[in-house]
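Student: Letter by letter, the chains look like this.
There are 2 protein chains.
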Amino acid sequence: MDLQGSFHVYDTTLRDGAQQEGLNLSVADKLTIARQLDGLGVGYIEGGWPGANPKDTEFFRRAAQELDLRHARLAAFGATRRAGVAAADDPLIAALRDSGASVVTLVAKSHERHVELALRTTLEENLAMVRDTITHLRDSGQTVFLDAEHFFDGYRSNRAYALEVLRTAAEAGAEVVALCDTNGGMLPDWVSDVVHDVIETTGARVGIHCHNDTGCAVANTLAAVDAGATHVQGTINGYGERTGNADLVSVVANLELKLDRQVLPAGLLSEATRIAHAVAEVTNVPPASRQPYVGTSAFAHKAGLHASAIKVDPNLYQHMDPIGVGNDMRLLVSDMAGRASIELKGRELGFDLSGDRELVTRVTDRVKELEQRGYTFEAADASFELLLVEEVEGRRPSYFDIESWRVITETSPAAEAVSEATVKLRAEGVRYVVTGEGNGPVNALDAALRTAIGQAFPEVAKFELIDYKVRILDQGHGTDAITRVLIETTDGESSWVTVGVGHNVIEASWGALVDGLTFGLRRHQR
Amino acid sequence: MDLQGSFHVYDTTLRDGAQQEGLNLSVADKLTIARQLDGLGVGYIEGGWPGANPKDTEFFRRAAQELDLRHARLAAFGATRRAGVAAADDPLIAALRDSGASVVTLVAKSHERHVELALRTTLEENLAMVRDTITHLRDSGQTVFLDAEHFFDGYRSNRAYALEVLRTAAEAGAEVVALCDTNGGMLPDWVSDVVHDVIETTGARVGIHCHNDTGCAVANTLAAVDAGATHVQGTINGYGERTGNADLVSVVANLELKLDRQVLPAGLLSEATRIAHAVAEVTNVPPASRQPYVGTSAFAHKAGLHASAIKVDPNLYQHMDPIGVGNDMRLLVSDMAGRASIELKGRELGFDLSGDRELVTRVTDRVKELEQRGYTFEAADASFELLLVEEVEGRRPSYFDIESWRVITETSPAAEAVSEATVKLRAEGVRYVVTGEGNGPVNALDAALRTAIGQAFPEVAKFELIDYKVRILDQGHGTDAITRVLIETTDGESSWVTVGVGHNVIEASWGALVDGLTFGLRRHQR
Numbered sequence: 001m002d003l004q005g006s007f008h009v010y011d012t013t014l015r016d017g018a019q020q021e022g023l024n025l026s027v028a029d030k031l032t033i034a035r036q037l038d039g040l041g042v043g044y045i046e047g048g049w050p051g052a053n054p055k056d057t058e059f060f061r062r063a064a065q066e067l068d069l070r071h072a073r074l075a076a077f078g079a080t081r082r083a084g085v086a087a088a089d090d091p092l093i094a095a096l097r098d099s100g101a102s103v104v105t106l107v108a109k110s111h112e113r114h115v116e117l118a119l120r121t122t123l124e125e126n127l128a129m130v131r132d133t134i135t136h137l138r139d140s141g142q143t144v145f146l147d148a149e150h151f152f153d154g155y156r157s158n159r160a161y162a163l164e165v166l167r168t169a170a171e172a173g174a175e176v177v178a179l180c181d182t183n184g185g186m187l188p189d190w191v192s193d194v195v196h197d198v199i200e201t202t203g204a205r206v207g208i209h210c211h212n213d214t215g216c217a218v219a220n221t222l223a224a225v226d227a228g229a230t231h232v233q234g235t236i237n238g239y240g241e242r243t244g245n246a247d248l249v250s251v252v253a254n255l256e257l258k259l260d261r262q263v264l265p266a267g268l269l270s271e272a273t274r275i276a277h278a279v280a281e282v283t284n285v286p287p288a289s290r291q292p293y294v295g296t297s298a299f300a301h302k303a304g305l306h307a308s309a310i311k312v313d314p315n316l317y318q319h320m321d322p323i324g325v326g327n328d329m330r331l332l333v334s335d336m337a338g339r340a341s342i343e344l345k346g347r348e349l350g351f352d353l354s355g356d357r358e359l360v361t362r363v364t365d366r367v368k369e370l371e372q373r374g375y376t377f378e379a380a381d382a383s384f385e386l387l388l389v390e391e392v393e394g395r396r397p398s399y400f401d402i403e404s405w406r407v408i409t410e411t412s413p414a415a416e417a418v419s420e421a422t423v424k425l426r427a428e429g430v431r432y433v434v435t436g437e438g439n440g441p442v443n444a445l446d447a448a449l450r451t452a453i454g455q456a457f458p459e460v461a462k463f464e465l466i467d468y469k470v471r472i473l474d475q476g477h478g479t480d481a482i483t484r485v486l487i488e489t490t491d492g493e494s495s496w497v498t499v500g501v502g503h504n505v506i507e508a509s510w511g512a513l514v515d516g517l518t519f520g521l522r523r524h525q526r
Numbered sequence: 001m002d003l004q005g006s007f008h009v010y011d012t013t014l015r016d017g018a019q020q021e022g023l024n025l026s027v028a029d030k031l032t033i034a035r036q037l038d039g040l041g042v043g044y045i046e047g048g049w050p051g052a053n054p055k056d057t058e059f060f061r062r063a064a065q066e067l068d069l070r071h072a073r074l075a076a077f078g079a080t081r082r083a084g085v086a087a088a089d090d091p092l093i094a095a096l097r098d099s100g101a102s103v104v105t106l107v108a109k110s111h112e113r114h115v116e117l118a119l120r121t122t123l124e125e126n127l128a129m130v131r132d133t134i135t136h137l138r139d140s141g142q143t144v145f146l147d148a149e150h151f152f153d154g155y156r157s158n159r160a161y162a163l164e165v166l167r168t169a170a171e172a173g174a175e176v177v178a179l180c181d182t183n184g185g186m187l188p189d190w191v192s193d194v195v196h197d198v199i200e201t202t203g204a205r206v207g208i209h210c211h212n213d214t215g216c217a218v219a220n221t222l223a224a225v226d227a228g229a230t231h232v233q234g235t236i237n238g239y240g241e242r243t244g245n246a247d248l249v250s251v252v253a254n255l256e257l258k259l260d261r262q263v264l265p266a267g268l269l270s271e272a273t274r275i276a277h278a279v280a281e282v283t284n285v286p287p288a289s290r291q292p293y294v295g296t297s298a299f300a301h302k303a304g305l306h307a308s309a310i311k312v313d314p315n316l317y318q319h320m321d322p323i324g325v326g327n328d329m330r331l332l333v334s335d336m337a338g339r340a341s342i343e344l345k346g347r348e349l350g351f352d353l354s355g356d357r358e359l360v361t362r363v364t365d366r367v368k369e370l371e372q373r374g375y376t377f378e379a380a381d382a383s384f385e386l387l388l389v390e391e392v393e394g395r396r397p398s399y400f401d402i403e404s405w406r407v408i409t410e411t412s413p414a415a416e417a418v419s420e421a422t423v424k425l426r427a428e429g430v431r432y433v434v435t436g437e438g439n440g441p442v443n444a445l446d447a448a449l450r451t452a453i454g455q456a457f458p459e460v461a462k463f464e465l466i467d468y469k470v471r472i473l474d475q476g477h478g479t480d481a482i483t484r485v486l487i488e489t490t491d492g493e494s495s496w497v498t499v500g501v502g503h504n505v506i507e508a509s510w511g512a513l514v515d516g517l518t519f520g521l522r523r524h525q526r
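One line per chain: the protein sequences are A and B, in this order. Counted from 1, the first sequence has number 312 at position 312 by the working numbering; the numbering is strictly sequential. Counted from 1, the second sequence has number 356 at position 356 by the working numbering; the numbering is strictly sequential.
Hints are not guaranteed to be accurate.
[Stated by the list, open to error] Partial selection, computed: residues in chain A whose CB lies under 10 Å from chain B:
#1 S404
#2 H524
#3 Q525
[Stated by the list, open to error] Subject to a maximum C-alpha distance of 35 Å in a straight line, what follows is the list of computed DSBU-like cross-link-like pairs (lysine-lysine):
#4 K462/A - K55/A
#5 K424/A - K469/A
#6 K368/B - K469/B
#7 K258/A - K258/B
#8 K258/B - K469/A
#9 K469/B - K424/A
#10 K469/B - K345/A
[Claimed, not checked] Partner residues are not named here, just some residues of chain A that face chain B (Cβ under 8 Å, in silico):
#11 A118
#12 N183
#13 S250
#14 V312
#15 Y399
#16 S412
#17 A414
#18 Y468
#19 V505
Hints were generated in silico from the structure; no laboratory data involved. Think of the CB as a built atom: it goes at the ideal place given N, C-alpha and C, for glycine as much as any other residue.
Just chain A, with the same shape it has in the complex (with noise of 0.2 Å):
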């Protein structure tokens, strides 16, 4: 299939989706969340806006190095030239041109009250300013979009100027002309009238942009497509300003599964439910458990009185088969598709587990409990390895024993705090008692038990602890929570994810640092 072609998927979490409120993401979170978006298989990421923010600059810069996707062209966002400049003098025309990507979708005011009012500029030096653009980027060999902001609303005002705006963007040579409804505030007839009629008129190919301020994001892209638009835009979990845009995933699961049309490499959509969620990881926006398709309650039923028809045809209570987005019916869970994906998942990490029926059982029995107090395998792949050795081998590996741990934190006036960690343990017949410093209690304690399990396994010299996550579960109970600790640890070759979860946050963290040293430990004596 064409990916780039006859049906645009076009992903803007990293740009439209970072607005919103509480969401920042590092180049790291970014070149993370893109790896995400290509496995899958968008047909474009908009990366962010070179040139006007140092971090998107930066983002396409390592991008270009240390990106390499197979499925999707990253895309740079930015506005059209400065009204009264040459496209060629503008210095943030020239850090599109200048970013690396083949596609450069252009912002450009399409309501006339916006032209005066934020560009304070006429509508004639408007549609030159698009045109100019346009012409520039193209002439420099890259693919352009328009992003017509404010788009239905300007219709609405002058219908005339906006069409002009459109037809402009089209006879310089943009790919496509995506309608936004930049405030969110349309419903799916309209939508569907708008686009009908840019279609007849313009003759442009007609892409659509939708946010969900009427809790109708969905169902507008859907109209938008039925009209003729042929490029939906959207986001990872519905993220963006204000109420968020279209959710990308219920979109593409919407026009795949229910109206018949591929629009994403075969097979990609089942791996849905698993990237939304590792990029809620990134993100650290809690994922919403309702959240269409991919929620974790979604396919969640509450056992009464139709179980047992349940099971004689589970469609009859379910809208759609949830593999098909990688999710699960929660009433069955533990027969059917848990099994299949610990297997699965047991493959992947080199254990064939399709002969012993019990240790699956067991496995899944154990990961479900696991996960019922907190913990999540989804990104802790080490834990889990840990996990199934225990289970296949009879015993967890373990090459040292805890005796006890301490961690003070403290200030004095005019001080910065410092953390001060002492750790006693065995390790090789050997009784350690070791302090160490850092620069919060986990830092502390991470350089105590390296500093002892050092002495005994040379190779944790080489070992670097590189990310550090908090989730506070159980929201609404500052004091109860449950706190959930993902720490990622390297050998400078590789890294590796672990898990820990406890009431206190230094005991996750805990417990996270101790499966993070003995996975590598492992791993080195092997």
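Position chain B against the provided structure of chain A, taking the given hints into account.
Tutor: This is chain B only, laid out in the frame that chain A set:
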């Protein structure tokens, strides 16, 4: 306006909404929510299933005595009589009849496969069950609505039979036949087609009941209304099984504000934000900040470039005036913030900065400088307000002087980790040395700090830490990372968010804790 007449707004939060995973309502909770729903002006409140569930029987008993509804009528929910039993002899039908509710909503099967598999009876007997039950309840003086379960799937499977169920109900005297998308798989155009057909074929008054499995519950409901449905069912905050029911507030707001159909008593929609949040307090489900119309982020703007245009005409940047649903436009202060957005934000917080250019510059510069160091004021309004007061009044509000603090977390073999904090400070001329314990280091510090300050300022007893978020900035360097902590504190009436930043997570948390207490004290002192 005749609320129970021309158009029905029918709330099922207390019955179908309560099917949500993790949502459990006591009888007292249900009575409180019913009062709130009445305050919103809905026409009908479905209270539960008397007879099938002791809690619901109790609810109807107490509702008859305690509820004094001004707008709504109570509806009892129940199933058609059992197969092979006269309606008058079925105890569950008797419970509906004797519930005291003037309206009964009867759920009936309209999908042939469900009749066979779940009811295990014949298609004929199912029709008789519908006919007899409605006749019996009508004869006892009750209004009857029919909920046709799995209607859309049933219609696809056997259109003639599904329609026959509706016709039978209407002929027996059901005032409304509500078409239920029980599995939630529909899209707007499909709903529209079916509703048109039902009205044309049966002439019945049609209602609509949607679930959000495709992310289209609101749009599906609107499509049904556009096709002629005059009864809409939904729940507050979209509570419900799986992905939830249609969010009644979004449905009503779209009908009133977008489609000019008044469906609530005049003026009551502007209570929606308050009521949606009040109900969330009762259900203890954290409100979704991105919820359309009533979410705390629904009208929040990262100002940046357009703040000056927002000042001239806010309606260019919002799809409606948030006052219509009792919400507010909020400007988020972020590092893209210019002077204009600082000025607007100041006004929001009650500070007129427009006359003092130099002050605005100073605040803008400090925000930029602090955000550079990792702070964020977007979510942390309270910390921003403290900064603003500091610049306006020349000194930061301060009610206590910290001398030092220390926190210890330790374990011994087979014991849970414990945290213990000691804080030394002066308040109102007295020196306090206080130790606190907690589930984690921050809880322990919080306990010690509040105990110490509470001796000088008793109002602190009401304060509680309700949310705690940690974010590691600058990933890739485990030990040098900067940590940002956001803390939400409540005094039982409102809540506020503060931010702290540091290399040491404990120190960052400490900063946010101190800001949280300072902000609360300032509010209570004024």
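Student: Run every hint past the structure and note whether it holds.
Tutor: Now for the hints, and whether the structure bears them out:
no., hint, verdict
1, S404, "5 Å, holds"
2, H524, "19 Å, violated"
3, Q525, "23 Å, violated"
4, K462/A - K55/A, "30 Å, holds"
5, K424/A - K469/A, "26 Å, holds"
6, K368/B - K469/B, "22 Å, holds"
7, K258/A - K258/B, "28 Å, holds"
8, K258/B - K469/A, "43 Å, violated"
9, K469/B - K424/A, "31 Å, holds"
10, K469/B - K345/A, "31 Å, holds"
11, A118, "4 Å, holds"
12, N183, "4 Å, holds"
13, S250, "4 Å, holds"
14, V312, "6 Å, holds"
15, Y399, "18 Å, violated"
16, S412, "5 Å, holds"
17, A414, "10 Å, violated"
18, Y468, "5 Å, holds"
19, V505, "5 Å, holds"
Violated hints, in rising order: 2, 3, 8, 15, 17; the structure is consistent with all others.
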